[in-house]
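With these hints in hand, go ahead and build the complete structure from the sequences.
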Amino acid sequence: MDFNGSDTIPGPRAEDHLPHTAQAAVKIVIVGGFGVGKTTMVGSVSEIRPLTTEETMTQAGVGVDDNYGSDTKTATTVAMDFGRISITEQLVLYLFGTPGQERFWFLWNGLFEGALGAVVLIDTRRLEVSFDVIGRLEERGVPFVVAVNSFPDGPRYPVDDLRSALDLSDEIPIIECDARRRASSRDVLMTLMRFLHSLALTGALTRRP
Amino acid sequence: MVAGPDGERADVDLVTLIVARADPPPSATPEQTATLRLCTAPLSVAELSAYLSLPFSVVTVLLTDMLTAELVQARAPIVRQALPDRSLLEAVMHGLQRL
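First to last, the protein sequences are chains A and B.
Take any residue in the first sequence, count from 1 to its spot, add 6: that is its number in the working numbering.
Take any residue in the second sequence, count from 1 to its spot, add 1036: that is its number in the working numbering.
Derived from the structure by calculation, the hints contain no laboratory data.
Just so you know, even glycine gets a beta-carbon here, dropped at the ideal spot from N, CA and C.
Each statement offered as a hint is correct.
To give an idea of the interface, some chain B residues facing chain A are shown, with a C-beta separation under 7 Å as derived from the structure:
| hint | residue |
| --- | --- |
| 1 | Leu1053 |
| 2 | Pro1078 |
| 3 | Phe1092 |
| 4 | Arg1111 |
| 5 | Pro1113 |
| 6 | Arg1122 |
| 7 | Ala1127 |
| 8 | Gly1131 |
| 9 | Leu1135 |
Beta-carbon label-pair distances, calculated as ranges:
| hint | chain 1 | residue 1 | chain 2 | residue 2 | range |
| --- | --- | --- | --- | --- | --- |
| 10 | B | Arg1073 | A | Gly41 | 33 to 39 Å |
| 11 | B | Asp1047 | A | Glu144 | 22 to 28 Å |
| 12 | B | Pro1061 | A | Asp173 | 54 to 60 Å |
| 13 | B | Ser1089 | A | Thr64 | 16 to 22 Å |
So this is what it looks like as structure tokens:
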């Protein structure tokens, strides 16, 4: 990129500036497959228009992903959309919509390790893509809730059926949502926060080595 | 821009907040000048990456130099701890309820 015209780099709009009192940020990760509605959910609750951070994955990852499996390709660009919610004058919450494939996660230092928790967003039309994500989060000790994004043409399953299909233990909340709606997406985040709070009360919220 | 070895990079997170500490010195590179302009108010590394259209890893290298030169200040994120901070969780819940 040519930075000689740095005057022209678009920055945050005046109303998007954080106050100078902002001391620290926390993050929540919304993880799910392509097209499941991660960016929609981020956008419905964010106070800023969702932004995108990209990372380039070079040789090490190439050839692993059939979706990008062109022999001539030497690098893959992975994008992650995110949004922001100011909690107090001092505290800011960021929401990251993250690809479901674990091999992308290391690209962003501490993406999951430092997160308060995660929302696994699932599409009942493609339930199978969620298995890996859930397994990986469990291995990493990242607390999470499952949110089922309701698509008009998606099959509806009772929560108990979903729980057994996803092999989820009883304490993990499952909630239906409409990621397009602010109140619905907010409820998903509240479900996660209440779950984290209950884990904190029972002392179960520990980071694995 | 050439990325240095991993060991030389500052430990910045996507949500580390960056604040400018100085006006761009005459020696500042265009990237540094742009960063200082963007960070007159606190801005996360993720937002910097988005506005600069630079990958997170490149922004990390850029900030490593700028932190060393004391051009910017970094406000570290609050990460999930072994000892959970219930007051933090409650603050986030209260903030979400106001949405």
